[in-house]
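Asks: Quick note, the sequences are listed as chains W and G, same order.
Read in order, the letters of the first sequence are residues 1 to 327 in our numbering.
Read in order, the letters of the second sequence are residues 1 to 328 in our numbering.
Think of the hints as simulated: they come from the structure by calculation, not from any bench.
Where a beta carbon is used, it is the ideal one built from N, C-alpha and C, also for glycine.
Every clue listed holds true.
Covered stretches of chain G, as calculated for chain W (at least 3 residues, CB under 8 Å): (1) 214-228; (2) 245-252; (3) 316-324.
Here are the simulated SDA-like cross-link-like pairs (lysine to any residue), alpha carbons at most 25 Å apart as the crow flies: (4) Lys243/G to Gln154/W; (5) Lys90/W to Glu231/G; (6) Lys243/G to Asp127/W; (7) Lys108/W to Lys242/G; (8) Lys108/W to Val239/G; (9) Lys242/G to Glu118/W; (10) Lys80/W to Gln129/G; (11) Lys114/W to Asp322/G; (12) Lys244/W to Ala312/W; (13) Lys242/G to Glu82/W; (14) Lys242/G to Arg121/W; (15) Lys130/G to Pro59/W; (16) Lys203/W to Gln131/W; (17) Lys130/G to Thr106/W; (18) Lys81/W to Ser238/G; (19) Lys243/G to Gly157/W; (20) Lys242/G to Tyr149/W; (21) Lys108/W to Lys243/G; (22) Lys242/G to Pro59/W; (23) Lys242/G to Arg56/W; (24) Lys80/W to Ser238/G; (25) Lys72/W to Gly234/G; (26) Lys243/G to Thr106/W; (27) Lys242/G to Thr106/W; (28) Lys108/W to Asp315/G; (29) Lys132/W to Thr106/W; (30) Lys299/W to Ile271/W; (31) Lys72/W to Glu231/G; (32) Lys6/W to Gly234/G; (33) Lys243/G to Arg86/W; (34) Lys132/W to Lys243/G; (35) Lys243/G to Phe84/W.
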Amino acid sequence: MNSLIKVENLRAVYLVREGTIKAADGISFDVQENSVTAIVGESASGKSTIIEAMTRTLPPNGRLLEGKVLYKGKDLLALKKEEFRRIKWKEIALVPQAAQQSLNPTMKIIDHFKDTIEAHRINWNHDQLIQKASEKLEMVRLNPDAVLYSYPMQLSGGMKQRVLIALALLLDPEVLILDEPTSALDVLTQAYIVQLLKELKKKLNITLIFVTHDIAIAAELADKVAVIYAGNIVEYNSVFRIFKNPLHPYTKGLLGSIMAINADMSKIKPIPGAPPSLLTPPSGCRFHPRCEHAMDICKKEKPPLITVEDGAQVACHLYSQGGRKDA
Amino acid sequence: MNYVINRVIYLLAVFVIAVSGIFVLVNNMPGDPAYGLAVSIAQQRNMQIEQALEIARSMMGIDPDESLLTRYGKFMSNLLKGNLGYSAFYNTSVNDIISKSLPWTIFVISLATLLSFVVGIFLGALAAQKRGTVIEWIISTVSSIIQAIPPFILAVLILFVFSVTLRLLPLGGAYPVDVEPSFSFEFIYKMFLHALGPMLATAIPQMASWTLAMRGNTSQVMEEDFIRFAEIRGLRDSVIAKKYIRNNAVLPLVASLAIGVGYMLGGHTLVESIFNYPGIGFYFGKAIAVRDFGLLTGLFTLIVIGVIAATFIADFVYSLIDPRVKLK
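Chain W with its partners taken away, still in its complex shape:
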């Protein structure tokens, strides 16, 4: 398997009145073709920033400081605006967070499809457009006859989310990036969307990257999981190993804090402390104030993301300094 997308040392900040929020601080990871990658982290850990920076959709106060996003050998971040506009959506489609407000309230769904193909100068006639749009809507199990001529307010939250996915699939992209595809939906709809994404993955030749705060959804859907803590990737591993043998103390804590319905409540261990402010992140390893294995070096030096056994990657001094691997 080849890596389709290679993110190298991505650094992005947000400028706010209080200073700069260091939301993505040297992010590097590879995405294999036809794989599903989950970017998992708490709220405000900078996980959405990563995909915003990758797709050049940072908000106006966002700044990309450095980094490369190599897609088929081209650096997406270095492309001219017009060149990037052509790749965007045709090859890499992005479904943003806040699906509930992402459709123009005064336009029918069909017109959203129409605007999208017109933006990419695709010469489908009306019938072709209807046929293509219907095909994609059916793929996300919506009834095209009802949905195409509806206004967004006539659709439920889950339907809107699926319309966005159908819109994203319209030009048969190779990569589909989803930002929190299941947040703001009820649990049943969440399960439905996850099921749907699994089906799409099976049916289509597509690479999925998605961001979530819900590690259960990552477990359900992903091949590989990148765990983000305070703007850094702390662990990048296959989904199987992440759950079977997590390496980073934060990953362990994250898994330890999951509440299963039949779990023994006494075994649930929340991670002590609170996530740091990204305005003034801790020195060295950003997790050290909350880490039970913290050593002197953790306060001074930021641990690099290193590859350990079986291609698993972890950023922790426990591993780089030959420390206690069994911790």
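Assemble chain G onto chain W, guided by the hints.
Replies: Relative to the frame of chain W, chain G by itself:
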């Protein structure tokens, strides 16, 4: 359809309440409506004021012994017949005065509204889209200042600068006294020239408020997630500006547009008086000055009808252009 019927019933109720309120207010105003006329009769005919008052009252059709309720009944039944009352000062029916003056007011108001709305929308959208630039700063600052100027101050200013000092515009009236109304080019040109002063005095402050409202709406819409998603899909800026931003930002303003026109029927008084422009507002000012209570009541009623009709039209138009309203 049910919605329309509900709306009509509601607005009829509003009409009856408003008109009754006007009737009670005007009839309880201090002073005798016949007094003004009586004074002039007493002077002309050299008679006692009590006698003159009786003559004046009979001329105006006022029976002092009539109860308020009887007068109210008469007033309402006249209203139902479409008769808005009688003007003692002009010695003619209010309907006559309205049919003579309303076209002028509508002419000026529609020109002023059209101009101010179109320019205001354009400037407001421009200001919002050039956020943080000198253009935005200039548009916003100038609009805020202009918006604070009352139309009648502007009217005096325009009259002084363009009519008195520069002599570019006529001093007053709706058309020159020495020209017969006709469909000739000259007459229409003169008519526009006469309307220009009152029109600008009304349009300029309004333009400023449309600009500020549109700027506010536009910057709000620009923050919406559907704008971001349109950008992500690779839509061109021009398409986003028009179909996604402007169309959504302008919607709430269309409703205020219709209602604003209704209110302007009454709010135009001082401007028309200053320009001596023979519209509704001019007669309104006159009716207050000479205590012509019949004319006052009639014109008040007209304004109520105007505002109610405008509200109805606004509701209706809104349901046509905003899919979210139509479906409720």
